[in-house]
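Please arrange chain L on chain V, whose structure you already have, making use of the hints.
If you read the protein sequences in the order shown, they are chains V and L. Last residue of the first sequence: number 384 in the numbering used here, and the count goes up by one each step with no gaps. Last residue of the second sequence: number 384 in the numbering used here, and the count goes up by one each step with no gaps.
Be a bit skeptical, because a hint or two may be false.
No distinction is drawn between identical chains; accordingly, a pair holds when it is met within one copy or between any pair of copies.
As the list claims (entries may be wrong) - Derived DSBU-like pairs (lysine-lysine); straight-line CA-CA distance at most 30 Å:
{"#": "1", "residue 1": "Lys42", "residue 2": "Lys325"}
{"#": "2", "residue 1": "Lys269", "residue 2": "Lys188"}
{"#": "3", "residue 1": "Lys79", "residue 2": "Lys269"}
{"#": "4", "residue 1": "Lys(-1)", "residue 2": "Lys61"}
{"#": "5", "residue 1": "Lys226", "residue 2": "Lys316"}
{"#": "6", "residue 1": "Lys258", "residue 2": "Lys374"}
If you're looking for bench data, these hints aren't it; they were derived computationally from the structure.
Protein chains: 2
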Amino acid sequence: MFTILPIKGFIDQIDGFFCDGIHAGLKPNGNNDLGFIYSDTPCEVEAVFTKNRFQAAPLKHFQMYEKGFKTNFVLINSKNANAMTGQKGIDDINEVFASLNHDLLNPIMSSTGVIANPLPKEKIIKGANSFNLSAKSGENLSKAIMTTDAYPKTCMYEVKLQDGSSFKIGAVAKGAGMINPNLATMLCFICTDAAIKREDMKELLEANSHSTFNAISVDGDTSTNDTVLLLANKKSNAYDKEAFKEALRLVMHDMAMLMVADGEGAKKAVAFEVVGAKDDKQAEIAAKALSNSLLVKTALFGEDPNFGRIASTIGASQIECDETKLVISYNDVKVYENGVILFDEACEARAAEVLKNSEYKVLCNIGIGEGKFTAYGCDLGYKYVEINADYRT
Amino acid sequence: MFTILPIKGFIDQIDGFFCDGIHAGLKPNGNNDLGFIYSDTPCEVEAVFTKNRFQAAPLKHFQMYEKGFKTNFVLINSKNANAMTGQKGIDDINEVFASLNHDLLNPIMSSTGVIANPLPKEKIIKGANSFNLSAKSGENLSKAIMTTDAYPKTCMYEVKLQDGSSFKIGAVAKGAGMINPNLATMLCFICTDAAIKREDMKELLEANSHSTFNAISVDGDTSTNDTVLLLANKKSNAYDKEAFKEALRLVMHDMAMLMVADGEGAKKAVAFEVVGAKDDKQAEIAAKALSNSLLVKTALFGEDPNFGRIASTIGASQIECDETKLVISYNDVKVYENGVILFDEACEARAAEVLKNSEYKVLCNIGIGEGKFTAYGCDLGYKYVEINADYRT
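Only chain V is shown next, with the shape it has when bound in the complex (with noise of 0.2 Å):
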C-alpha cells in the first residue's frame, strides 16, 4: 500500500537537489540556454540513450566513466548538439569540466540543439562558473533546456508508503520537437531521493519506457541525443519497489504526454490505441504507423475524420489484417465496422465533434487477437513547417 501525490514544484523541491539555468550567449534571443542540476550528495545515476547510431559526444563522454559511478552534477545546454563533432566534441566536454571552479564528482554533460557545430565552450564555461550551486530555481533550468518546445515540462510527485516514510521523485524535460518518427531531441532528466537499489535503477527504466517514451518517441528513429536520465541521492531512508516503479511511471508518463501535446505547433494530442491485434509486437507497428503518417496526421490538424487513411495505414503497415474483421472509431464514435462503412452524415457529424477536441482517442480494433498497443501522436500543420524550415537559422 502506498500513496502518490502530485505536489507543486520543480525537482529543486526534492531533498538534496539544486538546480538554475541562465542565459549564456548561446540562443541570440537572450532566452536561458545553459543550466545545471546539483546534488550536495552524489547521487546513483543510470541513463537510456538513443538507439541512433550517431550517438553525440555527451552520451559517449558519459559512457566513458566507469560502470556504476556516482555522479554530482549534470551541465545542460540547448542551442548546439555536440553530434557529429568526433574526438574533438568529447575533448571539448573534458575541457568544460576542467575549466570549472565547482566542486564536482564525474559531472555529466547534456546537449541538445543544432547538430555538427562545434560546441561554443567558451561561453559554456564562462556560464556555468557563474553558476550558485546552492540555488533552488528549477523554472529557471526548465527554460534553458528548451529548443522549440513551446513551454517547460516539468512533475512532482511525493510517495507516501504504508509505515509512513516518504520519497519525492520528479523531472524536468525537453520535447522531441515533433516526436516520432524523426529526430529532434527528447531530454529528460528524472530525480529521486528514494532509496532505491542499484540494480532497481535500470530495471524500473527500462520496464516503464515502452508505454511512455518508447510509445511516442526514442526508438528506432531517435536524434543524435536522446536521453533519459535517472538520479537518485537516496536523501531519503524510504523505498518501495512497487511504488517506486509506480512513481517512475507516472512521471515518464506525464512527460510523454507533455511532449506529444507540445509537438511542434501541435494543437492535438491523439491515443492511437490498436486493439485485436495478432500480437502485441503487431498492435505496437499498426499503432505507431497511425501516429507517424503524414496523412493520418494532416488530416487530423483539418480536423477530418478522413478514416479511408486510417484504414489504409493500417494495411500499409503490413500487419497481418482483414477489412471484414477491422472497427474503426474516434472515441465512442463508430465509423467503420466489419467491412461495413457506418460513415452516414449523422456518424460524420459526431466523428467530426471528436475531432475539435484538442485530446482524443483513435480506436482501431483488428479483430483477429488479443494483441494491444497505443502510440500517442499529435497533427501536423502548418506551424511544423515553419519551424522545420528554419530552425537552424
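Frame of chain V; chain L shown alone:
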C-alpha cells in the same frame, strides 16, 4: 543496336489505342474525372499492385480474371478509390461493366480518390456510356485521372530496331501525391504495340520497378490502390527484349520523376544518393530514410543546408555506419568528411546555392562498403499541409 526517341503526344499515338476523358459529375469543380483506354485489338496485360494489405476493389476485381487473360478496355475514375468497400465494391464494378453499351473484353477498372466511400456508379455508368471508343484524346484522359496532381503526367517513345522495324511505348500516370512514405495513390498505365512475349511482361515490369517506382514509393508503404498496368496490343511486329526493357525503364523513370517533382506542393526534386554502404539493401534503407524524413524535407523546403539532420537520419536508420567515415555533399559541395565538419561560411554559402535549385543531389558516402541506392524525394512545405488537411472535402 536500337534507338529510343522521345516523341510528342499521348498514348493514343500508339497504333490501335484510343482514349478520352470527361467530367462525369464526380469532381464538384467540373474537372475531368472519368476516362478510358481502349484497344481495337485485345491486349496482353500485366500489373504490379500495391503491397497494402487492404487492396481496393478494382485490384481484387482484376485478380478475379483468369491468369493470362486479355482485355481491350480500362475504365479509370478519380475522386473515389472504391477501397475498404468490401464485396459491394466489387459488385459495383461488375454492375458498372454490365451496364455499358460497348463491346468489351474483360474490362478493367482503376480508381483513385477518397477511401471508404461507395462508388458513385450511376454517374460512372452514364459517363462511360457516352464514351466514343474511337477518340484519340490523350490529354483529356491524362486530366481525368488527376487528384491532387498539379499537372498531367505522360510520356511517349518510339523504339527503332536494327532491322528497320519499330514499336512505340508510352504512359499516362497520376502522382502519388506526397510520394513515399505514405498513402496517396499512384496509377500508371503503360501502353505499347510491341510484339512483346507474354512471359517477358512481368519480368521486365518487375526488373524496372526497383530503380523507378520502388525508389520513390510503391513498396512497403503504399496506398490501397497503387497500380502499374502494362497493356500490349502487339500491333507492331517489332520486338527486342533488351530494347523493350530499356524503353520501359525510361517510361517508368520518367513517370516516377514526374511524380516526385509533383509531390503535393513540392518545389524541389531531390535525389538521395547513398554509396559506400555495407550492401545495396543497407544503402536503400538509408536513402529511403532520407527521402522520407520530415526534418530533412522541411529543411530542403527552407533551403537550409542543415546537414546535421542528414547525418542524424542515417544514424537513425540503423544501418552500419561510422561518423569518422561518413561524407556528405550537396551536389559537389562537400560539407562533412570523415568526421570533419567542412561547413565554414564559404562552404555554407556554396551549399545554400545548391539548395536554391529545383533539382539537385544529396550524396552520402557511408565509406564502409560497395552498396549503393538512389531514392528520389521532394521537399515538404505549407502547401502539403494545406492539400492534405482538407483533401477529402
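Verification of the supplied hints:
1. Lys42 to Lys325: Between copies only: 27 Å across chains, 37 Å inside a chain, cut-off 30 Å.
2. Lys269 to Lys188: neither (37 Å within a copy, 43 Å between copies)
3. Lys79 to Lys269: between (48 Å within a copy, 27 Å between copies)
4. Lys(-1) to Lys61: This pair counts as within: shortest intra-copy Cα distance 28 Å, inter-copy 74 Å.
5. Lys226 to Lys316: For Lys226 and Lys316, neither the intra-copy (55 Å) nor the inter-copy (46 Å) Cα distance is at most 30 Å.
6. Lys258 to Lys374: Both ways: Lys258 and Lys374 sit 10 Å apart in one copy and 19 Å across, limit 30 Å.
The structure fails to meet hints 2 and 5 from the earlier list, while all remaining hints are met.
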